[in-house]
Structures are given as structure tokens and as C-alpha cells.
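Student: Chain by chain, the residues:
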Amino acid sequence: MRLLAFFLTLPLCGQVTHQRLLNAEKEPGNWLTYSGNFAGHRYSPLQQINDQNVAKLVPAWVYQSNSLQKFETTPLVVDGVMYISEAPSNVTALDTRTGRTLWRYRRTLPDDVRVCCGQVNRGVAILGDLVYVGTVDAHLVALDAKTGAVRWDVTVADNKTGHSITVAPLAVKDKIIIGIAGGEFGIRGFLDAYDAKTGKLAWRFWTVPAAGEPEAKTWAGDSYKRGSAATWVTGAYDPGTNLLYWGTGNPGPDWNGEVRAGDNLYSDCLIALDLDTGKLKWHFQFTPHDLHDWDATEVPVLIDAEFRGKPRKLLLFPNRNAFYYVLDRTTGEFLLGKAYAKQTWAKGLDDSGRPIRLPGTSPSVEGTKVWPSVAGANNWYSPSYSPDSKYLYVAAREAGSVYYFGNAEFKAGEQFNGGGFRSIAGEEEWGAIRAFRPTTGEVAWEYKLFTPPYSGVLSTAGNLVFGATAEGQIFALNAADGKPLWRFQGGGTVRSNPMSYLSDGKQYVAMTMGNSLYVFHLP
Amino acid sequence: MLWWIPFLLFQLQPPLEIPEKNPHTTSADVEMGKRLYLGRCGGCHGPTGDGGKGANLAVAVLPRAASERALYRIIRYGIPDTEMPGSLMDAHEIWQTVAFVRSLGQVPAVAITGNAQAGAEVFRSKGGCLGCHALGNEGGRIGPSLSGIGARRGAGHLKAKIADPASDVPDPFRLVQLTTKAGKSVRGIRLNEDTYSIQIRDFNGNPQSFWKAEVAAMTSEKKTNMPSYRNKLSETELNDLVAFLASEKGNR
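Taken in sequence, the protein lines are chains Z and R.
Heads up: take any position in the first sequence, counting from 1, add 342, and you land on our numbering.
Heads up: take any position in the second sequence, counting from 1, add 27, and you land on our numbering.
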């Protein structure tokens, strides 16, 4: 009997099949992929914690990371085990009930790792009996889900040239999809698919063209060679279209556009790739010839809804450039675009969704004041879509930057910025959680924050939206009207996304704050 | 107060080999350096480098940058625990900025005409500066510490600030006035603030904390509690005080 109880409480490490990933909503107690499902919803169907009782939420346990780097991971939970990544490129398996460690993977890194913005990692993927993590020295590693032992370790790219991996991989069918970072190093960006079992490269899609390809004409001279367009945020997948939807980053160099005249494809795009072949089905470029480092590396949200009277397969995209976009995800057709935060760089979007730039907004040697800021009106952290309220929730940032134009001399492995930026002296920056009606972009409600947030949101079937402030509070709002219902001070700036799961049939909400992972429950 | 957050987004790389001497010193470099300087540095250090909110750069020897390499490093990486940020300029641009900044050393700064010793007396007696400001381990915490102020601020800026304190209020010393729903009124300096709460140091030096939900009315303005000394001190006393503060270069 005791043995039976042991197996009931610790059903560790069942096989995670593609079928399970496809039907993630059928096992709401687990959190099987970065965004909770392939559609990028970051929604939990759990409702034990709800608008009636969330005020009583308290920490169940806290896990402290030894790293002082930013702690950006979204935990995955599979059958009583939580898998987290920790900066710089480590993985830890935790017991979901006690918070105690089951195994650790600790990676030895070179001394001179080249990354632009911190040696961070946003999470792992799981498929079969393997856990996958990308590393800042640009490897993809498969670990045994039961022990953390390395099953395979492949080099995705060379870190000496500024390639690194911070993104959580996406496990789909028999493939592990992994993006690359290095947009501040003039890399040639790509998105890779590896065979999940063997680590063999299945396909690579270059986000920047080679010589002679038609897209090379969108780059002056040979500037495509340093075109960047990194792929550092986890995308979405639709089994119906069999397409992967992935955002691409800024063109290189960030703020000097003179050396790369043209639209600079496929920087700042949403690319739709056939999962099996990696072939481009369509693309949509949000910010042609970007001059402000507005990567389109946000999480795409896929919903099926009626748009202007017709049922359509939609892709929702609150972009760093301060515009909210709705695309048809079968064809890439632009359906709607609307500013959702203060912006001073575009008069609007034309009928094809192309921005109509305002004069005097390019970076300059003396500095040009433009909204939104370099960190954007949104960034890598996740939005959330609730099928209950039918709102899209976004943590929006209201701030501007002074943008500088500078030299852009390329040396492999060194930063290739072509300028810089700073905050606007005396500006009162602020932020908000906003609930959008997805097909119109109207704001249904707004919850104001004292400063711009740098963390994402989770919605749940308990009529709740969880989010966090830059000053260390995690909070819960009523998903229907935005009224605050609960909060907790975690003692450190929050740069991550919340998620929720069941352990022993009881609901928990987890989010990293500062250098710790907090897990909350009802006492 | 949170102006520095964007800088965390771009982590500065470990230093590469930096030459001892500036390799870019042509007149075209100095001219480009001037443009870079005016966009990025002049706001604090003044268009002619004679200081302001930032240190006086129009001096023969920079106290924190004895060599051109040291100046390069400061422009690239900033100075920890000060308002001096780092920069994403490339090596060539930083050297051009160095070239311009060193050319400022030839320009005479605002002359210091007062007597520092007499100024020390004004500081302690008539001025009553220690009532609010710290100097080493002495003084109050209502206003910014004046330890090492001569290394951080130009003399012209110090004089203007004493005469017209509202001309530039440092963000960490924002004046707050609030009334709680229970009727309690507090004035003080903002120590910290977030979506839900605010922390204030009142004018008795006591830290106080309030939930915003408890607050009936609050004004948080970039105003200063410091009185103008324009009519409180004679021109000589003012110049002496400036001379004393300008001489405060080290940390006590």
C-alpha cells in the first residue's frame, strides 16, 4: 500500500507525445510548452483559484536560483515534475509539491560568452523522454527527463561570432525548433529544426537572404551579410495549416539604416514556415527598414474568430513598434493594424499594413526623441488570450527613447549597433495591463502600472489575469473588468511570465521574481 | 528614478584591448566628437564642458581620468554609483568624443573667485547647509549628499543651484506632500514608489511608508524644499560657499 501511494504521488516522467502537446488543453494540470499550448495563448483552464478566492493566495514554496542574471524562465510541468531553466544555460527538475530538486544540469561555459543583453534563458521544451535547452554558447542540448543526463549536444552556431541561444525551444511532431540570438552582432539570422531523437539538423530557414536571392535586393550592396533578423522568442504552431509562426528581430546594425538601404527582409517580420520542410509559406513585415531596434520577436497568438462577419483563422500580434496587428494566418493577409500605446514615428498604417513614417524620426548624431522606447510598447514577454472572456491581454509600456545614429563598422564577434539610445530626461514612464477585443483592437479595460512592466501575463478559467510590476509585485486582476484582486511583493524586478499547474490535484501559480521562483497556492 | 533600466537591456561587453593614447585626433575627429558630445554628454556636462549636473570637463587634468585610456573607459562603461552612464558608441566614436573632451581642457572654466576657507564657515553657520545635506558623516539626509560634490558638479552649476534651487531637482529627491484618508498630512522626500505604495522621508528625517489606497490626496512634484540663498547670502558669501563646495573633491 505504501508502495502504491508512492507511485500515486510520484507518477514521474511519463512520455510526452506529440499527441499530448497537440491536446495540451485536455490535461490542464500540466504545462507542456512555453506558452501553454501551440496557439500561444498562455491560458490555464484551471479554476480552483478564481476571482472569489484569489485574495487568499499565499506562497507554497520558493526556489532560489544561484545566478544573479535575470531569471526569465517559464517552467514546464509534466506529471508532478517541474522543469526550469536558470541563467546562464542550466536546467533544474523540481518536485512540484515540495519545491525540492530532483536533478540538475549545469553547463560549463567559455569565459567570454558573447550576448547583447544578459546570459539568460527563457525555458525548456519537452518531447518523449527528453528535455531540450538552448545555451548561450549556441548549442542545443537534449537531457534525459528522469536524470538530466546529456543525451545529445549539437552546435547550432559559433558563439565567437555573437550567436547565442536564449529562447525556449518548441517541440513539434518529431522536431525541435530553435531560434538564434545575436541581432546586435550582425549575424545572419535563421530558424532551425532538429530531429528530436538524434539532434540531426532537419532544416534551416535563413531569415536574411544569400547573394542572388530576390530578397537580397532589399538590402543595399552586401549589407545582407550582416543583416541579423534573429529569432529569439518562441513562436506558435497551427496543426491545421501545419505552419510554424515565428517573429524575427531587428536588422543589423540597429540604429544606422544608411548602410542598409531597403526594406531589409526578413527582419522585423512574422514568418510562416511549413513545419516539415522549413519552406516559407508567407511573411509579413511590420517595420520595413527598422531604425529603432523594434524586433518583431513577440509571441504570436492564434485564434479562430469571426472577423468582419466572416469566420477566419487569425494571428494576433501586439508589436514592439506600438501597433497591434491582426493577420490571416493562412495567407498572411493584413486585416487590422492600430496603435495601442504612445507612438510618434508613423502617421498610421496603409491598406497593406505598411507604416507611413513621419519625417524627423530617424536616429541622429545629436539624438532624436521617439516613442515608443527602444524596449518598445511590448517586448519578448508573453501576452495571453482567454477563450472565456475572449480578450487578448497585453502588458503595455508607455515610454520613449532618445535614439542616436552612429558608426557601423563590422567586426565579427563585436557588437554592431550603429548608434545607441537613452531615456528621455524627466519623462514619466508608465505602463498598463490592457484587455483588447482582438478583432477590433479596442481596449475593453486598462489596469495602470507606475512604471513600464517587463513581464508577461497569464489568464485562467478562474476569471483571472496574473501579471507583475517592475518593482516586484505579482498581482491578479479580474479578467472581465481589470479590477485588482490580489498581490504579493516578491522582492525583485520581474522579467518573466506566469504559468499555472496542478500538483496532487491542487492548483498552483508560478512566476520568477528577482532571482527566485515563487509558487503560490490557496492554503 | 528608473532612468537606468534601459541600460540593463544592453549589457556592456568585457573590455577589449584599449590603447593608451587616442588614435583619432584629427580636426575632423574633434569636430565629430563635438557633435557626439553635444548629443550625448552636453546635457549634463554643459555645451562647453564647464560642468553643470555633470563634472567640469574643461580642466587640464580630469580627476577621474588621468589618461586618455581612462577617459575612454569612463565613456564606454560609465562610473558605478554615479549618474554617469556607459555608452554604446563604437571605439572610433568614443575616441572622437575623447578628442573633443580633451580639447575642452584648453578652455578656461568658470573662474572660482571666492575664498574656500571663508566658504566653509558660511557652509556651517549662516548657510545651515548641514541641516539637510551630508558632508562625510555629518549632516542630514533630506537633500543630496555634498561629499565630493566639487568632483561631480561645475562651479557655475553650484552657484546657480544655490541661488535658484528649483532650476534642477535631482529625481531621487522629489518633494511629496500627501494626506491620508485618516487626515494625517506628511511632507517629505520620496524614497521609493511603486504602483501600490510610496515611501517618504519626512522633514524630521523619519522614513514613512503609505499604501496608496490609504492616501486621500498626494502631490509628487519635481519641486525642491531648498530655499533660494540669493537674498540670504551676500555675493561674497555666495562665491566663498561655491569655492568651498568646489574644493570638496574627495569622499570624506
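The set of hints was computed from the structure by calculation and includes no laboratory data.
Backbone N, C-alpha and C fix where the C-beta goes; we use that ideal spot for every residue, glycine too.
Watch out, some of these pointers could steer you wrong.
[Said to hold, decoys possible] As a list, the in silico DSSO-like pairs of lysine-lysine whose alpha-carbon atoms are at most 27 angstroms apart:
1) Z:K790 to R:K48
2) R:K239 to Z:K398
3) Z:K368 to Z:K539
[To be verified] Label pairs and their computed distance ranges (CB to CB):
4) R:A209 to Z:V707: 53 to 61 angstroms
5) Z:D454 to R:H119: 29 to 37 angstroms
6) Z:D823 to R:T206: 27 to 35 angstroms
7) R:K239 to Z:T489: 43 to 51 angstroms
8) Z:P865 to R:P107: 38 to 46 angstroms
9) R:S172 to Z:G702: 46 to 54 angstroms
10) Z:E751 to R:N164: 44 to 52 angstroms
11) Z:G833 to R:G155: 46 to 54 angstroms
12) R:T109 to Z:V707: 46 to 54 angstroms
13) Z:F752 to R:D229: 54 to 62 angstroms
14) Z:G651 to R:D195: 51 to 59 angstroms
15) Z:N365 to R:K239: 42 to 50 angstroms
16) Z:V707 to R:A93: 51 to 59 angstroms
Student: Within 43 to 51 angstroms or not, the Cβ separation of K239 (chain R) and T489 (chain Z)?
Tutor: About 49 angstroms separates the Cβ atoms of K239 (chain R) and T489 (chain Z), which means 43 to 51 angstroms holds.
Student: Holds or violated: are the alpha carbons of K790 (chain Z) and K48 (chain R) at most 27 angstroms from each other?
Tutor: 51 angstroms, violated
Student: Would you check the hint for K368 (chain Z) and K539 (chain Z), treating anything up to 27 angstroms between C-alpha atoms as holding?
Tutor: With Cα atoms ~25 angstroms apart, K368 (chain Z) and K539 (chain Z) stay inside 27 angstroms; holds.
Student: Is it true that the C-beta distance of T109 (chain R) to V707 (chain Z) lies inside 46 to 54 angstroms, as the hint says?
Tutor: 25 angstroms, violated
Student: With respect to the beta-carbon atoms only, verify the hint that F752 (chain Z) and D229 (chain R) lie 54 to 62 angstroms apart.
Tutor: 55 angstroms, holds
Student: Given the hinted pair K239 (chain R) and K398 (chain Z), is their alpha-carbon gap at most 27 angstroms?
Tutor: Measuring from Cα to Cα gives roughly 21 angstroms; hence the hint holds.
Student: Is 29 to 37 angstroms right for how far apart the beta carbons of D454 (chain Z) and H119 (chain R) are?
Tutor: Given about 22 angstroms between the Cβ atoms, the range is violated.
Student: Using the beta carbons of N365 (chain Z) and K239 (chain R), state whether their distance is inside 42 to 50 angstroms or not.
Tutor: About 44 angstroms separates the Cβ atoms of N365 (chain Z) and K239 (chain R), which means 42 to 50 angstroms holds.
Student: Would you say the C-beta atoms of G651 (chain Z) and D195 (chain R) sit inside 51 to 59 angstroms of each other?
Tutor: Since G651 (chain Z) and D195 (chain R) have Cβ atoms about 58 angstroms apart, the given range 51 to 59 angstroms holds.
Student: Mind checking the hinted window 53 to 61 angstroms against the Cβ distance between A209 (chain R) and V707 (chain Z)?
Tutor: 54 angstroms, holds
Student: Does 44 to 52 angstroms hold as the CB distance between E751 (chain Z) and N164 (chain R), or does it fail?
Tutor: 49 angstroms, holds
Student: Against the range 27 to 35 angstroms, how does the distance between the Cβ atoms of D823 (chain Z) and T206 (chain R) compare: consistent or not?
Tutor: 29 angstroms, holds
The structure fails to meet hints 1, 5, 9, 11, 12, 16 from the earlier list, while all remaining hints are met.
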